[in-house]
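Student: Sequence:
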Amino acid sequence: MNSHNSSDWQHEHQRHPVWDDEVSVPPSLLSGVLNRLDLDQQQTRPAQRSKVLKNLSHPDWYVRAAAVQEVGGWGDPTFMKLLEQVAGDEHVSVRAAAIYALGRIKMDLSMPLLVQALHDPEWQVREKAVLALTEQGSQASLEFIQMALYDPDNTVREAASYALQRLEAEASTASLSSAVTLSLASEGSEEHAPLHQTIVKSSGWLAQKLFGFWPGWRRSQHIQGEHMKQQTPFIPEPHLLPRNVVRQPRPRRRAIMTGLVFAVVIVVVFAWVVLLQQRQLTGSETAHGGHPGSVATQVATRLPSPSPTPASNRKVSTVYTYDSPYRSVFSVAWSPDGKRIVMVDNTIKSWDATTGKNTITYANSPAGDVTAVAWSPDGRFIVGSGANAQLWDANSGQSLGVYTPQIQAGQTPSANDLIYDSSWSPDGSLIASAANGKAYGFSVQVWNPQTRQIVFSIPSNPVSYIRHVRWSPDGKYLAFDDDGKVLVYSVATHKLVSQNTGSVFAWSPDGEKIISADDNHGTMLIWQSTTGQTLSTLQYQDPSHGLVGATALIWSVDGRHIALAAGSLTEWDVVLGKKVAEYTGHIVGGGREITSLAWSPDGKMIVSADGGEGGQATAQVWTSV
1 MNSHNSSDWQ
11 HEHQRHPVWD
21 DEVSVPPSLL
31 SGVLNRLDLD
41 QQQTRPAQRS
51 KVLKNLSHPD
61 WYVRAAAVQE
71 VGGWGDPTFM
81 KLLEQVAGDE
91 HVSVRAAAIY
101 ALGRIKMDLS
111 MPLLVQALHD
121 PEWQVREKAV
131 LALTEQGSQA
141 SLEFIQMALY
151 DPDNTVREAA
161 SYALQRLEAE
171 ASTASLSSAV
181 TLSLASEGSE
191 EHAPLHQTIV
201 KSSGWLAQKL
211 FGFWPGWRRS
221 QHIQGEHMKQ
231 QTPFIPEPHL
241 LPRNVVRQPR
251 PRRRAIMTGL
261 VFAVVIVVVF
271 AWVVLLQQRQ
281 LTGSETAHGG
291 HPGSVATQVA
301 TRLPSPSPTP
311 ASNRKVSTVY
321 TYDSPYRSVF
331 SVAWSPDGKR
341 IVMVDNTIKS
351 WDATTGKNTI
361 TYANSPAGDV
371 TAVAWSPDGR
381 FIVGSGANAQ
391 LWDANSGQSL
401 GVYTPQIQAG
411 QTPSANDLIY
421 DSSWSPDGSL
431 IASAANGKAY
441 GFSVQVWNPQ
451 TRQIVFSIPS
461 NPVSYIRHVR
471 WSPDGKYLAF
481 DDDGKVLVYS
491 VATHKLVSQN
501 TGSVFAWSPD
511 GEKIISADDN
521 HGTMLIWQST
531 TGQTLSTLQY
541 QDPSHGLVGA
551 TALIWSVDGR
561 HIALAAGSLT
571 EWDVVLGKKV
581 AEYTGHIVGG
591 GREITSLAWS
601 PDGKMIVSAD
611 GGEGGQATAQ
621 VWTSV
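Here the UniProt record's numbering is used: position 473 in the sequence shown is 473, and no number is missing along the way.
Be aware that a few hints might be false.
To be verified - Only pairs whose alpha carbons sit at most 16 Å apart, straight line, appear in this in silico EDC-like list of lysine to aspartate or glutamate:
1) 315 x 573
2) 315 x 571
3) 106 x 76
4) 106 x 151
5) 357 x 323
6) 106 x 84
7) 485 x 510
To be verified - Across the chosen pairs, the derived CB separations fall in these ranges:
8) 408 x 361: 39 to 47 Å
9) 51 x 84: 15 to 23 Å
10) 493 x 315: 41 to 49 Å
11) 323 x 88: 48 to 56 Å
12) 490 x 339: 30 to 38 Å
13) 510 x 339: 22 to 30 Å
14) 369 x 321: 21 to 29 Å
15) 119 x 369: 30 to 38 Å
16) 106 x 336: 37 to 45 Å
17) 85 x 142: 22 to 30 Å
18) 85 x 490: 42 to 50 Å
19) 339 x 85: 48 to 56 Å
20) 80 x 614: 57 to 65 Å
Source of the hints: derived by calculation from the structure; they are not laboratory data.
Cβ coordinates follow ideal geometry from the N, Cα and C atoms, glycine included.
Using the sequences plus the hints, can you model the full thing?
Tutor: Encoded structure:
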């Protein structure tokens, strides 16, 4: 550092927009929805209904969709005309919610609109139309469901197949229940009437539960206030998976459904046999002064979830690939001007972003390996994270010094004490480092790159490693992951401002939102950065087929797209709420994964890196248009 002129550290402090007005957050729409979703056991008060109806014209689609589902839950035919109007909404999620809500009302007058929805350009709406027609349960709806078996989208066809088999199972159950009724009536056995009712209810309940999991696995818009789950979880079909990804074998869905139909029949027949045995037992016990027994409770098992395949409407292509001689490329980052890329495997190098040439190598200190790198906002410096934080001149590769985290009293640093990640403040005056280990204290340490002295620190969970730390675009907040949560702290007060579930995460370009990956549920949460309130949820994996933890997540510069690495590497449209592309250039699975992602400043390219067991690692630059 001594060889470097301190004037080089004087940056022009650019002012960032300050939002003086509080962000308007729509009020909670569905108080207590988790306790009564799809049951509607309580009546909504008039004042609440007025608010919900007003939200049907809210400018945000997720608020409109929440209101639609609330209205549908009322089951009131009075609002059918209103739902028919909303069914023409511009957003696919709102239209789909309206169609399904109309189906739940079960009015023949809504049939023409449900049939029309079978021809909607979006498969999500067509699928909901099939499920809505299933709720109708009439002969006319059955004929239209059969038409959906020829839909161009596989998910819609699966929904139609499910619907027909569900209706078939319900019909079979009803027939067998009638047989039980006729048998008992023929013998005038009034004493067994309560037992008969139990059997009929149990068989009907089983049929409903076995075939009622479709809306559940589809995760149809689960909303609490502004919390909304995407209608369809994403599980890529085998032909879309990256190479070498091992998928669990799935039973054929039609065979499963058929088996379940027979399961319902067997359960009812078994109940009938139990009834006959019980009648014999009753006769015996009655002769000896005993009491009749009871029928055992029946338990339904959950169906495997089908695997939808949302259409991709963006084309990806590889620009070039860097082949590392090592097993892992740990980190990649784009220079602020978009001209160069820096990466770290067992070395630290940068090259021309568009050609992969003109390499600069950065000298590593003897203190330890580097596993993460980041450019300064002005592009002049690079910070690397490892056993300590190292600084380099980006253009010459010259080392400018090392920051060693503050040591806890009575502790001696060991190999377990590491800096996992470092992030520059937007004005370049500070660096936040994720310091981990007993000696470093499991904290975010904010330090001055010019003096390499600590300014302040934010303590974390003493048993959980901090793997990612990011400044907000305006420099007012710091976000980092901690034991399955993403925490947001005020830089001014050093106090917790908000939090939500997540591992990897990214700020929106305007700093108002954060997106984080919930590894326990296979979802991405978009939430308000200053309140922690969830705005919407995207389902990217199906928990019933096993989950792969997310390893990288980035938000595009224009705020429209996000890229996620969780086994596969996918791109999502935030506005439409669906997957739009998948990049399959990396070999993942079998101990290998995507390790790092970075979007070019102009939003035209992405650089991604892989690493793990077996084979040599790569860093790949690709486009998605």
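Student: Now, for every hint given, state plainly whether the structure supports it.
Tutor: Against the structure, the hints:
1. With a C-alpha separation of about 14 Å, the suggested pair residue 315 and residue 573 falls inside the 16 Å cut-off, and the hint holds.
2. Straight-line distance between C-alpha atoms of residue 315 and residue 571 comes to about 11 Å, which keeps the hinted pair within the 16 Å bound.
3. A C-alpha spacing of about 10 Å is found between residue 106 and residue 76, which places the hinted pair at or below 16 Å, so the restraint holds.
4. Simply put, residue 106 and residue 151 have alpha-carbon atoms about 24 Å apart, too far for the 16 Å limit, and the pair is violated.
5. In summary, the hint linking residue 357 to residue 323 is supported, as the alpha carbons are separated by about 13 Å, within the 16 Å threshold.
6. Using a Cα cut-off of 16 Å, the hinted pair residue 106 and residue 84 holds, with the two alpha carbons roughly 13 Å apart.
7. Taken as a hint, the residue 485 and residue 510 pair is broken in the structure, with Cα atoms around 22 Å apart against an allowance of 16 Å.
8. The beta-carbon spacing between residue 408 and residue 361, approximately 35 Å, falls outside the hinted interval of 39 to 47 Å.
9. At roughly 21 Å, the beta-carbon separation of residue 51 and residue 84 lies within the given 15 to 23 Å, and the hint holds.
10. Distance hint check for residue 493 and residue 315: the Cβ-Cβ separation is about 47 Å, which falls inside the suggested range of 41 to 49 Å.
11. About 52 Å separates the C-beta atoms of residue 323 and residue 88, a value consistent with the hinted range of 48 to 56 Å.
12. Checking the proposed 30 to 38 Å range against residue 490 and residue 339 shows it holds: the Cβ atoms sit about 34 Å from each other.
13. At roughly 25 Å, the beta-carbon separation of residue 510 and residue 339 lies within the given 22 to 30 Å, and the hint holds.
14. As the Cβ distance of residue 369 to residue 321 is approximately 23 Å, the hint placing it in 21 to 29 Å holds.
15. Take residue 119 and residue 369: their Cβ atoms lie about 58 Å apart, and the range 30 to 38 Å is violated.
16. Under the hint 37 to 45 Å, the C-beta atoms of residue 106 and residue 336, about 58 Å apart, miss the expected range.
17. The beta-carbon spacing between residue 85 and residue 142, approximately 27 Å, falls within the hinted interval of 22 to 30 Å.
18. Under the hint 42 to 50 Å, the C-beta atoms of residue 85 and residue 490, about 44 Å apart, fit the expected range.
19. Judged by the Cβ atoms, the range 48 to 56 Å given for residue 339 and residue 85 holds: they are separated by roughly 52 Å.
20. Between residue 80 and residue 614 the beta carbon distance is about 59 Å. The supplied range of 57 to 65 Å therefore holds.
Hint check: violations occur at hints 4, 7, 8, 15 and 16; the rest are consistent with the structure.
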